[in-house]
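K.L.:
Residue 1 is where the sequence shown starts when you use full-length UniProt numbering, and the numbers rise one by one after that.
No wet-lab data here; the hints were simulated from the structure. No experiment lies behind these values; they were computed from the predicted model shown. Mixed in with the good hints, there may be bad ones.
[Stated by the list, open to error] Simulated crosslink set (EDC-like; lysine to aspartate or glutamate; CA at most 16 Å straight-line):
1) K114 <-> D132
2) K124 <-> E102
3) K124 <-> E138
4) K114 <-> E138
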Amino acid sequence: MDDAETAEGTDADELLARAGFDAASNVLTRRQAEVLALRERGLRQSDIADRLGTSRANVSSVEASARENVQKARETVSFAEALSAPVRVRVAADTDLYDVPEQVYDACDEAGVKVGYAAPELMKIVGDAAGDAVHGREVREELLVGVTSDGQVRVRRAHEE
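Modelling step: build the complete structure from the supplied sequences, incorporating the hints.
P.N.:
Written out as C-alpha cells, the structure is:
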C-alpha cells in the first residue's frame, strides 16, 4: 500500500461518523477514538501526530489510554454478563481442560439451560478466552465460566470478579 492509498479514507471525523461514535455515550474521549480509528487504518503514530498537530509521544500515550479503556469496557461487560448468567461454574486451578465441559453441562442441566456447544468447541472457547490462564490442557488459574439463558458461554478469570 503506497502513501496515497494509506491516506485515502483516513479522515478521522469521517471514520468516527461511519462507526457511529458518540462521545456522550462512549468510554473513549474523542481524541482517543480518533487515534484508534487512524491506527486501525494502518497509520503510524508519527503520521497521526502530524495530522493532529501533536507529538508522537502524545499519540502513543493517547493510544495506550484508549486501549486500556477498551479493555476495561470489555471487562465491565464480561462482569455484567457473569452476574446475570443463570449458570456460573468455578473451574479450579489445576483442572484438566478436558473435565470442564462435563462441569459446565452438569451445572446447565441443573439450571435447565441448554449449552449450544459440543465438548471440543466448549474447550476451545474456554481455552481461548482464558488466555495464559490455560496452558495446553492445564487450567493454571481459577476460572469462572458463565452460561447465559440463551446458551452463550462467557469465561473470566475468577480474580476478575
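K.L.:
Between K124 and E138, is the straight-line Cα distance small enough, at 16 Å or below?
P.N.:
holds (13 Å)
K.L.:
Would the pair K114 and E138 pass a check requiring their Cα atoms to be no farther apart than 16 Å?
P.N.:
Roughly 26 Å separates the two Cα atoms, so the pair is violated.
K.L.:
Between K114 and D132, does the CA-CA distance stay at or below 16 Å?
P.N.:
The hint is violated at about 28 Å.
K.L.:
Tell me if the straight-line CA distance from K124 to E102 falls inside 16 Å.
P.N.:
Answer holds: K124 to E102 is near 14 Å, not above 16 Å.
In this structure, the earlier hints numbered 1, 4 are contradicted, and the remaining ones agree with it.
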